Amino acid sequence: LLQNYAIKSERVHTINQLLKAYTLFEKDDEYVVIDNKVKIVDEQTGRIMEGRRYSDGLHQAIEAKERVKVEAATQTFATITLQNYFRMYNKLAGMTGTAETEAGE
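Under this note's numbering, the residue at position 9 of the sequence shown is numbered 9, and the numbers go up by one with no gaps.
A hint or two may mislead.
Listed next, the in silico SDA-like pairs over lysine to any residue satisfying Cα-Cα at most 25 Å (straight line) [unchecked claim]:
#, residue 1, residue 2
1, Lys39, Phe25
2, Lys39, Thr79
3, Lys65, Gln75
Worth flagging that the hints you see were computed from the coordinates, not collected in a lab. Predicted model only: the values in this text are computed from it and were never measured.
Could you build all of it, start to finish, from the sequences and the hints given here?
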């Protein structure tokens, strides 16, 4: 019984990811296809994010949607919050071009 549940649960998850790929992700907006590979487009800059892939089977669903080779899922080995990342360093530096114009904030 549990084995059947696991199989059905995986199928439901796959169908959900396919629905997301087909309904929420637009080619040439959220991603592009270059050389038969799906590449993510940064929503802020419009640049291609080389080496990045959507997680949790979504990238594979988009690859299936675009009828390109479905690559194996990547695995995350470690994560860190930005706050903890910055705490690793004794000194931080930054730069801005709007310090004077935004001084009132």
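Which of the numbered hints above does this structure break?
none
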